[in-house]
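Each chain sits in its own coordinate frame; assemble them with the hints.
Top line first, the protein sequences correspond to chains U and V.
Every number in my numbering is 138 more than the matching position in the first sequence, counting from 1.
Every number in my numbering is 105 more than the matching position in the second sequence, counting from 1.
Since the hints were derived computationally from the structure, they do not count as laboratory data.
A quick note: this is a predicted structure, and the numbers were derived from the prediction, not measured.
Any given hint could be a false lead.
To be verified - Some chain U residues near chain V, calculated using beta-carbon distances under 10 Å:
1) L188
2) P207
3) V211
4) A216
5) S227
6) E232
7) N233
8) A237
9) A239
10) R240
11) G268
12) L286
Claimed, not checked - Pairwise CB distance ranges, derived in the manner of DEER restraints:
13) S320/V <-> Q153/U: 56 to 64 Å
14) D362/U <-> S268/V: 55 to 63 Å
15) M264/U <-> A261/V: 21 to 29 Å
16) L190/V <-> A269/U: 32 to 40 Å
17) V299/V <-> T351/U: 43 to 51 Å
18) A201/V <-> A195/U: 26 to 34 Å
19) D251/U <-> A257/V: 38 to 46 Å
20) G157/U <-> A284/V: 22 to 30 Å
21) Q153/U <-> P199/V: 21 to 29 Å
No residue lacks a Cβ here, since even glycine has one placed at the ideal position from N, Cα and C.
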Amino acid sequence: MLDLNAVSSGYGETQVLHGLSLRAEQGRVLAILGRNGAGKSTTLKTIMGLLPTRDGAIRFDGRAMPTRPFDVVKSGIAYVPETRDIFPSLTVRENLEIAAARFGSKGADWTLDRVVDLFPRLGERMKNGGAELSGGEQQMLAIARGLLMNPRLLILDEPTEGLAPIIVKLIHDKLMDLKRAGLSMVLVEQNFGFATSLADDVVVVSKGQVVWTGSPAAIRADEDVQHRWLGV
Amino acid sequence: MTHDLSFWTLQTLNALQLSMLLFLLSIGLTVIFGLMHFVNLAHGALYALGAYIAASVAATAGFWVAIVVAPIGVALVGVVLYGGLIQRMRKSGPMAQVLVTFGLIFALLDLTRIFWGDLALAMATPPALSGQVDLLGVSYPAYRLFIIALGAAILAALALALSRTQVGAMIRAGVDNDAMAACLGINVERLFFVVFCVGCALAGLAGAVAAPLLSVTPGMGLQILIPTLIVIVIGGLGSLKGAIAGSLIYGFVQTFGAVLAPQLASVLIYALLAAVLVIKPVGLFPAKG
Numbered sequence: 139m140l141d142l143n144a145v146s147s148g149y150g151e152t153q154v155l156h157g158l159s160l161r162a163e164q165g166r167v168l169a170i171l172g173r174n175g176a177g178k179s180t181t182l183k184t185i186m187g188l189l190p191t192r193d194g195a196i197r198f199d200g201r202a203m204p205t206r207p208f209d210v211v212k213s214g215i216a217y218v219p220e221t222r223d224i225f226p227s228l229t230v231r232e233n234l235e236i237a238a239a240r241f242g243s244k245g246a247d248w249t250l251d252r253v254v255d256l257f258p259r260l261g262e263r264m265k266n267g268g269a270e271l272s273g274g275e276q277q278m279l280a281i282a283r284g285l286l287m288n289p290r291l292l293i294l295d296e297p298t299e300g301l302a303p304i305i306v307k308l309i310h311d312k313l314m315d316l317k318r319a320g321l322s323m324v325l326v327e328q329n330f331g332f333a334t335s336l337a338d339d340v341v342v343v344s345k346g347q348v349v350w351t352g353s354p355a356a357i358r359a360d361e362d363v364q365h366r367w368l369g370v
Numbered sequence: 106m107t108h109d110l111s112f113w114t115l116q117t118l119n120a121l122q123l124s125m126l127l128f129l130l131s132i133g134l135t136v137i138f139g140l141m142h143f144v145n146l147a148h149g150a151l152y153a154l155g156a157y158i159a160a161s162v163a164a165t166a167g168f169w170v171a172i173v174v175a176p177i178g179v180a181l182v183g184v185v186l187y188g189g190l191i192q193r194m195r196k197s198g199p200m201a202q203v204l205v206t207f208g209l210i211f212a213l214l215d216l217t218r219i220f221w222g223d224l225a226l227a228m229a230t231p232p233a234l235s236g237q238v239d240l241l242g243v244s245y246p247a248y249r250l251f252i253i254a255l256g257a258a259i260l261a262a263l264a265l266a267l268s269r270t271q272v273g274a275m276i277r278a279g280v281d282n283d284a285m286a287a288c289l290g291i292n293v294e295r296l297f298f299v300v301f302c303v304g305c306a307l308a309g310l311a312g313a314v315a316a317p318l319l320s321v322t323p324g325m326g327l328q329i330l331i332p333t334l335i336v337i338v339i340g341g342l343g344s345l346k347g348a349i350a351g352s353l354i355y356g357f358v359q360t361f362g363a364v365l366a367p368q369l370a371s372v373l374i375y376a377l378l379a380a381v382l383v384i385k386p387v388g389l390f391p392a393k394g
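For reference, chain V alone in the conformation it holds in the complex (with noise of 0.2 Å):
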């Protein structure tokens, strides 16, 4: 099967749509991280609570509407959080905030038992995007080329933001050194909000998109963290290169691991992970060089 071009396209498609959902949840993880020192544990329940809301709107009001409602919808949930959570744990050190929002996740899990009970939910694809495409020779789900058109737009956004804009140079700035940065009169704290509440935002939009490949069930946040946090150390933290060279590693990595090598495929990612932080503990593309 390995001779086979079309084997190759197709597990690219798929490396390249899980390194997308897992772009859309690393990135903001990793400049709230770079930015603020802040170790958000929960932002994995974040994407479930993505997933669920998507899901339950989706039921209604269709696939469209759910996907713009489910990143607004985690994204107030994030302005809740930072409020009467976040900005309090600012100054704690990282075993506290570590500690808070890894209780934050048990919380959450619960708090959807509660709303959406104990049962998987499903989310339909879209029925623009419910077929096949031909493409390079395979026939792939449209949706998930879907999925990595949108990431791939969210991430030229986000790049373009980050270098052209004077607030994507404040960030940059901020994540250098946010003591300077407040001494120039950058409001950092504000910074850090607003970046939190589209970190939030973008991991209730992957829970969102992803909620139709899945199941939906309470403890996807849970098992989407590990990669994620995978992807942040790998890349490095702080930084946009940093998210897409993670994504892509730990998308090709897992992807091509499990056709490939099927019984290396759970240990590959985690063997690459350990020989990064013994060869460049930093990660590959760490914000401060």
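Isolated chain U, as found in the complex (with noise of 0.2 Å):
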């Protein structure tokens, strides 16, 4: 569905992706794993088309990814970032509004109400702003945001970081859910136990390239994998 052929980006002067390659499967989901500045978020961001593909080529179901995020998006992805990116000058319910604007037609799956049927908090958060949210509030705004543009694949940066134990747990039954509905995902997530435990696949990145490929349950019995590579 999703494949990285030996893309390099990076930011300015400074190379992070250094001839990475991925794919991820239609209906499945691909964890991206590594330590900290190994370059998954770098990763996410290229294909989203916020940095550019210095080298390689992305495709999406076969065809050549856009280049620009509003492309990107266009073509069935959604995208969930790690800061969550919710619009502070916008209430809840103006931040999924402007989501569904463009991905939410009429018969669409995902639609305002099956997004609070998910996530009932946000129902009652509708007229609050942006800025007002919890963190744990604000990610399941940032998923249910991405829900509502109908995406064929979506893309999740550490949907985790930061919350509390039992919010973790939510998100995890919510991913769950999503993915047993047949939702292909990718994941970059520091959390080992939540990435290995939602993924079908796993890929390993250190220093901008793909180190390790293989499954939940392989990385899991393999602790020098773990070790080298994940400082767990």
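Written as structure tokens, this is what we have:
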């Protein structure tokens, strides 16, 4: 579904990805693991067109990925960034509505009502400003906003970062529901247990390259890999 | 004179009239900056252009046609500037943008000189608004009241559009975080273009309604630029609230300063600007908290 072939990318003078290749399959969850600074978030930003691809190629459904974020999302990808990026000047409802505006046609899978069913907490906060939400609520809103774009692929950057264990469990259960419903996902995560319980496939990234590929069971069993590349 | 209530009424109206004029100019500039971090110093020159177009059109077709044509004309100039220059300058950083739009001031200035000459043009107030109105015990020029009313109406319309419509929400989202807005499928580039054109039209409108109050000269754009920039810096970049607050503060400080402390008047607003920059460098109501 999503193919990265020898992709190089970075910020300004600093190159972060050095010929990174990976593949995310339709209907599966791919977890990208690695230490801080390994290039996980950079990989996602490059996929989204937030950073330019300097070398190599990204393909989505066999077609070359557009270069501008605006076009990337039109091709069916939704992005939940590490910083959540809830718009503080917008209410919760407005945050949801502008995501639904372009992708929430009639008969679409995800509607405002359905995301509120998924995260009832958001229903209670509809009129609140985006700046008034707790970290957990922001994360729910960021995921709900992504779903309202009715994506074929959902990209999540560290959805559990900084959240209380009870919220992490809630996010885990909801993402599991989405996975069972057949939504393809790419997940960057520091929480090893969270990631390996959700994922179907795992890649480990170090210094801007994929250094290990396998199943969640295989990496859970392989303490050497965990120690060498993740510092677990 | 300061014990006389009519003095305060009169000066308040004067201050409001100046504030509304500055609001029309600053709102476009501040939202353009907030949305795209683009500094358009030529905004004042567009105001001058609006005044020239209005004065020319009014001479043949009358005032009311003039204040409709001038904003449209300036918006069209904005379209040309956007396509020819600004779109290409989007990624070139603030220094290059400041230099190019600064140069644009002089290019537009000389263009108005070539078209309209160096002499000041005059524009008559329309007959319907040329009298005085008795208001709260003072006799006040109807035309100045018209400017206050027009500014207030546009302020209300913009406030509603920004807070209640989907496009308004998209603009606020774009000002908050343009990269994330693009990641939600919002065409931020197109949004910027629309905001830029509306900003140009409002600058043109400000020039058109100001023309009967002043003599229309090539330098009027430069004269208004500094007050407009002060309004934006005091108010805080990118927000409607900031433009409103900044305009009112400038209008009142300038107007009352000139009559209550004439020897300090020219310094007062700069002292206030300095104070805001020291106490709250981002301005009073910045779009980004």
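We went through each hint and held it up to the structure:
Residue-level restraint check for L188/U holds (minimum Cβ-Cβ distance to chain V is 6 Å; threshold 10 Å). Taken as an interface hint, P207/U checks out: its beta carbon lies about 4 Å from the nearest beta carbon of chain V, inside 10 Å. Interface hint at V211/U: satisfied, since its Cβ lies 5 Å from the closest Cβ of chain V, which is below the 10 Å cut-off. Interface restraint check for A216/U: the shortest CB-CB distance to chain V comes to about 8 Å, inside 10 Å, so the restraint holds.
At its closest, the beta carbon of S227/U sits 4 Å from a beta carbon of chain V; the interface hint therefore holds under the 10 Å criterion. Restraint check, E232/U versus chain V: the minimum CB separation of about 5 Å is within 10 Å; hint holds. Using the Cβ-Cβ criterion of 10 Å, the hint placing N233/U at the interface with chain V is satisfied: the shortest such distance is roughly 8 Å. Hint status for A237/U: holds, given a least beta-carbon distance of 5 Å to chain V, under 10 Å.
Hint status for A239/U: holds, given a least beta-carbon distance of 6 Å to chain V, under 10 Å. Nearest Cβ of chain V to the Cβ of R240/U: about 4 Å, under the 10 Å cut. The hint holds. Hint status for G268/U relative to chain V: holds, with the closest Cβ pair at about 8 Å, below 10 Å. With 10 Å as the threshold, the beta carbon of L286/U comes within range of chain V, its nearest partner Cβ sitting at about 9 Å, so the hint holds.
Checked against the hint of 56 to 64 Å, the C-beta distance between S320/V and Q153/U comes to roughly 59 Å, which is consistent with it. Judged by the Cβ atoms, the range 55 to 63 Å given for D362/U and S268/V holds: they are separated by roughly 57 Å. Separation of M264/U from A261/V is about 26 Å and conforms to the stated range, judged on CB atoms against 21 to 29 Å. The hinted window of 32 to 40 Å between L190/V and A269/U holds, with their beta carbons roughly 36 Å apart.
At roughly 46 Å, the beta-carbon separation of V299/V and T351/U lies within the given 43 to 51 Å, and the hint holds. A201/V and A195/U have their C-beta atoms about 32 Å apart, which keeps the hinted 26 to 34 Å range intact. Distance hint for D251/U and A257/V: a CB-CB separation of about 39 Å, consistent with the stated range 38 to 46 Å. Between G157/U and A284/V the CB atoms are about 25 Å apart, so this pair conforms to the stated range of 22 to 30 Å.
Checked against the hint of 21 to 29 Å, the pair Q153/U and P199/V passes, with Cβ atoms roughly 26 Å apart.
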